[in-house]
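These protein sequence lines are chains G and U, in that order. Using this note's numbering, you'd call the opening residue of the first sequence number 1 and step up by one each time. Using this note's numbering, you'd call the opening residue of the second sequence number 403 and step up by one each time.
Think of the hints as simulated: they come from the structure by calculation, not from any bench. The beta carbon of each residue, even a glycine, is placed where N, CA and C say it ideally should be. Take these hints with a grain of salt, some might be off.
[To be verified] Here are the computed distance ranges between Cβ atoms for each label pair:
1. U:737 <-> G:177: 34 to 40 Å
2. G:401 <-> U:456: 50 to 56 Å
3. U:684 <-> G:227: 37 to 43 Å
4. U:800 <-> G:338: 22 to 28 Å
[Said to hold, decoys possible] In silico DSSO-like cross-links for lysine-lysine, where the CA-CA straight-line distance does not exceed 27 Å:
5. G:281 <-> U:676
6. G:337 <-> G:373
7. G:398 <-> U:580
[Stated by the list, open to error] Calculated Cβ distances over 10 Å to all of chain G for the following chain U residues:
8. 404
9. 431
10. 454
11. 460
12. 484
13. 486
14. 489
15. 502
16. 506
17. 737
18. 743
19. 747
There are 2 protein chains.
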Amino acid sequence: MNVIVAQSGGPTAAINATLAGVFTEALSQEHIDKVYGARFGIKGVFEEDFVDLSNVLKTGEDIRILCATPSAALGSCRFRLPDYSENPLIYEDIRDVFAKYNIGAFFYIGGNDSMDTVSKLSRYFSLIGSDVRIIGIPKTIDNDLAGTDHTPGFGSAAKFVNVSVGEIARDTSVYNTKSVVIVEIMGRHAGWLTASTCILQSVYGAPQLIYLPESPFDIEVFLNDVNEQLKHENSVIVAVSEGVECAAPEYVDGGFTPETVDAFGHKYVSGIGKFLEKTVKAKIGCKVRSVELNVSQRCASHIASKTDIDESLSIGAAAVRAAMAGQTGVMMAFVRKGDSPYIVDIGFVDIQGIANVEKKVPSDWIVHGNCVKSSATAYFSPLIRGEAENFYENGLPKYIII
Amino acid sequence: MNVIVAQSGGPTAAINATLAGVFTEALSQEHIDKVYGARFGIKGVFEEDFVDLSNVLKTGEDIRILCATPSAALGSCRFRLPDYSENPLIYEDIRDVFAKYNIGAFFYIGGNDSMDTVSKLSRYFSLIGSDVRIIGIPKTIDNDLAGTDHTPGFGSAAKFVNVSVGEIARDTSVYNTKSVVIVEIMGRHAGWLTASTCILQSVYGAPQLIYLPESPFDIEVFLNDVNEQLKHENSVIVAVSEGVECAAPEYVDGGFTPETVDAFGHKYVSGIGKFLEKTVKAKIGCKVRSVELNVSQRCASHIASKTDIDESLSIGAAAVRAAMAGQTGVMMAFVRKGDSPYIVDIGFVDIQGIANVEKKVPSDWIVHGNCVKSSATAYFSPLIRGEAENFYENGLPKYIII
Numbered sequence: 001m002n003v004i005v006a007q008s009g010g011p012t013a014a015i016n017a018t019l020a021g022v023f024t025e026a027l028s029q030e031h032i033d034k035v036y037g038a039r040f041g042i043k044g045v046f047e048e049d050f051v052d053l054s055n056v057l058k059t060g061e062d063i064r065i066l067c068a069t070p071s072a073a074l075g076s077c078r079f080r081l082p083d084y085s086e087n088p089l090i091y092e093d094i095r096d097v098f099a100k101y102n103i104g105a106f107f108y109i110g111g112n113d114s115m116d117t118v119s120k121l122s123r124y125f126s127l128i129g130s131d132v133r134i135i136g137i138p139k140t141i142d143n144d145l146a147g148t149d150h151t152p153g154f155g156s157a158a159k160f161v162n163v164s165v166g167e168i169a170r171d172t173s174v175y176n177t178k179s180v181v182i183v184e185i186m187g188r189h190a191g192w193l194t195a196s197t198c199i200l201q202s203v204y205g206a207p208q209l210i211y212l213p214e215s216p217f218d219i220e221v222f223l224n225d226v227n228e229q230l231k232h233e234n235s236v237i238v239a240v241s242e243g244v245e246c247a248a249p250e251y252v253d254g255g256f257t258p259e260t261v262d263a264f265g266h267k268y269v270s271g272i273g274k275f276l277e278k279t280v281k282a283k284i285g286c287k288v289r290s291v292e293l294n295v296s297q298r299c300a301s302h303i304a305s306k307t308d309i310d311e312s313l314s315i316g317a318a319a320v321r322a323a324m325a326g327q328t329g330v331m332m333a334f335v336r337k338g339d340s341p342y343i344v345d346i347g348f349v350d351i352q353g354i355a356n357v358e359k360k361v362p363s364d365w366i367v368h369g370n371c372v373k374s375s376a377t378a379y380f381s382p383l384i385r386g387e388a389e390n391f392y393e394n395g396l397p398k399y400i401i402i
Numbered sequence: 403m404n405v406i407v408a409q410s411g412g413p414t415a416a417i418n419a420t421l422a423g424v425f426t427e428a429l430s431q432e433h434i435d436k437v438y439g440a441r442f443g444i445k446g447v448f449e450e451d452f453v454d455l456s457n458v459l460k461t462g463e464d465i466r467i468l469c470a471t472p473s474a475a476l477g478s479c480r481f482r483l484p485d486y487s488e489n490p491l492i493y494e495d496i497r498d499v500f501a502k503y504n505i506g507a508f509f510y511i512g513g514n515d516s517m518d519t520v521s522k523l524s525r526y527f528s529l530i531g532s533d534v535r536i537i538g539i540p541k542t543i544d545n546d547l548a549g550t551d552h553t554p555g556f557g558s559a560a561k562f563v564n565v566s567v568g569e570i571a572r573d574t575s576v577y578n579t580k581s582v583v584i585v586e587i588m589g590r591h592a593g594w595l596t597a598s599t600c601i602l603q604s605v606y607g608a609p610q611l612i613y614l615p616e617s618p619f620d621i622e623v624f625l626n627d628v629n630e631q632l633k634h635e636n637s638v639i640v641a642v643s644e645g646v647e648c649a650a651p652e653y654v655d656g657g658f659t660p661e662t663v664d665a666f667g668h669k670y671v672s673g674i675g676k677f678l679e680k681t682v683k684a685k686i687g688c689k690v691r692s693v694e695l696n697v698s699q700r701c702a703s704h705i706a707s708k709t710d711i712d713e714s715l716s717i718g719a720a721a722v723r724a725a726m727a728g729q730t731g732v733m734m735a736f737v738r739k740g741d742s743p744y745i746v747d748i749g750f751v752d753i754q755g756i757a758n759v760e761k762k763v764p765s766d767w768i769v770h771g772n773c774v775k776s777s778a779t780a781y782f783s784p785l786i787r788g789e790a791e792n793f794y795e796n797g798l799p800k801y802i803i804i
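Next up, chain G with everything else stripped away, as it sits in the complex (with noise of 0.2 Å):
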C-alpha cells in the first residue's frame, strides 16, 4: 500500500521534522510501498497535487536539512472540511482518490482545526466501513491542542521568543534612564509563548511583567504595575499576549480591534503592544517602545530547540507505527514522565475528544494577573533545551524547497 502525508495550518520551525519522520519511518516499513506528499493541505489530496517524497528526499542530508527548514514544505491551507452531511461529495471524492492512488494511510500534520478534519475524515472512513487510517500529528507554536503534554513547534517558537526577549532584554539595559519595552508575542487564545517566558526571569532579571489571555486585563492596572516596576526597575520589559483583550474605548475605538475573521471564524487580532506603547507614553512619558514578534516566532529555524526537532521527527515516525499497528482516528500526543529528568513517551488519543478544544495556561500558574509562578519553568524549559542543527552556505541556511 501507498500513503499520504500533509501538512496544515500556520507554520511551524519543526513541522518538516514531523514530515521527515513520517517519511523515513514509512520508508522503512515492509508494508508500505510509495510515501506521497499532498500539497497545500487537504486541498491537495482532493486535487491530486501529490509529490513522490522519495524522487525529492534522496539522501540523508536532505532528510536533515529537511529538519532545519521552516515553515510547511508541502504547503499548507486554512481549508475547513465540511460535516459529511453538508457536501457528502468531497468525502467521496477523497475515497476515490484514496482508493486510486492505493493510500492504507493518511497523515494530517495540524492544529485544532487539522484535528478537525482528521476526526470528520476518519469517522467518515469508519462509517464506510473501510480501513483507511487516519492520523493526526499535532503541531502548533500555540501550544494550545488538548490531550497531548505539549505540540511539536511550540519548544521552537519557545526558544525564539525567550532568546529574543533576552537579547532585547540586553539591549535595553544599555542607558542609563528609565524605559519601558513592550514585547508583543503570539497566541490569540492561549498565553502558552507569553507564558514560556517565565524562564528568563531567574536568569536575565525579564520580563519584570506578564499578561496572558487566560487573565482578564485591565488597563488602569497595568499601568500601576508598570509605574511600581519603574520605582526599582531601570528598564522594564513587558510580555503581553496578542489575545490580551482590553475593553479600555482608545483601544476599542481607537483602530485596535480585531478587523478580519478568517476561514474559521477566528478574529485576527493585533495591536495590544502598539496600543500599550502609546498609553504608557501617555500616561507614564517614560522612553517607551513596543516589539510585535510577529512571524519569525514560528518560522524562525535558524534558534530552533534541539528537543522540539528531535521529539517531532519522533512523533511523526512513532504515527507511521501506529497506523501500521491499525490504528485510525487518532492523534498522536507526548506523555510526561518528569521534568528533571525530563522523560517523554509517545502515545495517543481519540481524535473525537480532543478537535477544537483550546488547551489554555492553567489558572493557578498565573499570580497577580501579571506574572506566571516560577515553578512553571519546570515544564517550559526542557522544552527549549539543545540548539537544532543547521546547515549553513555562504552565510544563508539551506533549505529543502519540494
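Using the hints, position chain U against chain G.
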C-alpha cells in the same frame, strides 16, 4: 600608564567583541597597566564611573562569552559633547580625570555621534599639548560611517536581517494564495541593511522589491511595482528601509510621520511598513502583512556573523596598537583588498573628515528605485559569512554582565 575604553550610541551584536579586542590587546602591552571601562559612554568618564576590566574578565572563556553578549556591556549614552567654546569646563574635567587615573589613551567605540566626540576630544588634547591619545573605533549596524569599507556590527545585523527575511519568505510561501509581506528594516538615512537583502534574491528569489531612503519613493509607483510582481509571483516580499519617506498625504497626515527628535536632532521615524500594509490592503486587496524586525536587528547575537565578530575583535586590538604607536585623532577603519577571496586590512583615518558624514548606498547600485543590482552581493556577502560562537545553558545564551 592606564587606558579607558567606553561604548556609545545604539547597541550592536558586535560592540562587545571590540571591547574584548581592546581589553586583550591592552593586557598584552608592556606599557599598559590597567584597562578601565567607563560606564554609559563618555558620561562615565567625567562621572568617574569606572570598572577595572581585569576584575570582571578573568578567563579566556569570559572573553569568548563577552564576544557573544549582545548590546553594550559597559552601557551606552546618547550624550552630545558640547563644543569647547560652549562648555570648556567639561573638557577640563575630562583632562583632570585622565590625569588622576594616569590615562594615556581613550578608546571610544561608537557611531557617527561618537566620532564627533572623538574629533572634539582629540582636538582639545592636541591644543593643550597633551599626549593622551584619543582613538575612535567604528560601530554601527547602519554601516553609514565614511572612511571605512564597512562598520563592525553591520555584518551581524545584515545576517539577522537576511536569515529572518529568508525564513519569512518560506513562511509566506505555504499558502496557495496571493500575498504580500512588507518587511521594515532599520536605517534612518542610509539603506545599507535593507540593500543587503539583495543577497537573498539569487538564493531564495525574495525579496522581489527593495526600497531605500537613497531613492525617491512614490506610493503610486510602489503599488504598480507590487501589482506587476503579483502577476507572476504567488507571494511578494518587500524589503523597505524605515527611512523611506513618503509624501502621500495619507502618510503625512495619518499618524505615520516622525514623532520624536532625539538628543542629536535626529528624527525618530517609524511606521512606513504599517502604512504600506494598509495601503496594499486598501488599494490591492490581497492578503498583506507587515513585519518590523525592530531592535533584534542590533542585538541578535545568537545569529551573529563570525566574520563580523572576528573583525570587531581585531579592530579593537588594532586600535590599541595604533595608540601605542602614537596615533591620536583617528578612527580605525577596514580597507577591503578583495571580494573573492575576501581580504580586509585594518588601518585608520583622520577623524576630522569622518565625523558627522553619513555614507549612503551608492546611487548606481539602485535599479529602477525598487531593486539593488546583483553585483552588490559581492560587497555584502562576505560580511555575513560564518556563524559566531554562542554559549548555551539550559537552552538560553550565557552573557557577561559587567
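Status of the hints after comparison with the structure:
1. Between residue 737 of chain U and residue 177 of chain G the CB atoms are about 37 Å apart, so this pair conforms to the stated range of 34 to 40 Å.
2. The hint said 50 to 56 Å for the Cβ distance between residue 401 of chain G and residue 456 of chain U, and at roughly 51 Å that hint holds.
3. In this structure the hint that residue 684 of chain U and residue 227 of chain G lie 37 to 43 Å apart at CB holds, the actual value being about 38 Å.
4. For residue 800 of chain U paired with residue 338 of chain G, a C-beta distance near 26 Å keeps the hint of 22 to 28 Å intact.
5. Annotation: proposed proximity of residue 281 of chain G to residue 676 of chain U holds, straight-line Cα distance about 20 Å (limit 27 Å).
6. For the given pair, residue 337 of chain G sits about 21 Å from residue 373 of chain G by alpha-carbon distance, which is consistent with the 27 Å threshold.
7. At roughly 25 Å between alpha-carbon atoms, residue 398 of chain G and residue 580 of chain U fall within 27 Å of each other, so this suggested pair holds.
8. Every beta carbon of chain G lies more than 10 Å from that of residue 404 of chain U, the smallest distance being close to 23 Å; the non-interface claim holds.
9. For residue 431 of chain U, the requirement that its beta carbon stay farther than 10 Å from each beta carbon of chain G is met, with the minimum near 28 Å.
10. Against chain G, the non-interface label of residue 454 of chain U holds: every CB pair exceeds 10 Å, the least being about 20 Å.
11. Residue-level check passed: residue 460 of chain U sits 21 Å from the nearest beta carbon of chain G, beyond 10 Å.
12. With a least CB separation of 19 Å from chain G, residue 484 of chain U remains clear of the 10 Å interface cut-off, as annotated.
13. Even its closest Cβ contact with chain G, about 25 Å, leaves residue 486 of chain U beyond 10 Å, as expected for a residue assigned away from the interface.
14. Annotated as non-interface, residue 489 of chain U keeps its C-beta farther than 10 Å from every C-beta of chain G; the closest such distance is 20 Å.
15. Residue placement check: residue 502 of chain U keeps its beta carbon more than 10 Å from all beta carbons of chain G (closest about 22 Å).
16. For residue 506 of chain U, the shortest C-beta to C-beta distance to chain G comes to about 27 Å, beyond the 10 Å cut-off, and the non-interface label holds.
17. Non-interface status of residue 737 of chain U relative to chain G is upheld: no Cβ of that chain comes within 10 Å, the nearest being about 21 Å off.
18. Residue-level check passed: residue 743 of chain U sits 13 Å from the nearest beta carbon of chain G, beyond 10 Å.
19. Once the 10 Å rule is applied to beta carbons, residue 747 of chain U is consistent with being away from chain G; the minimum gap is 21 Å.
Violated hints: none; the structure is consistent with every hint.
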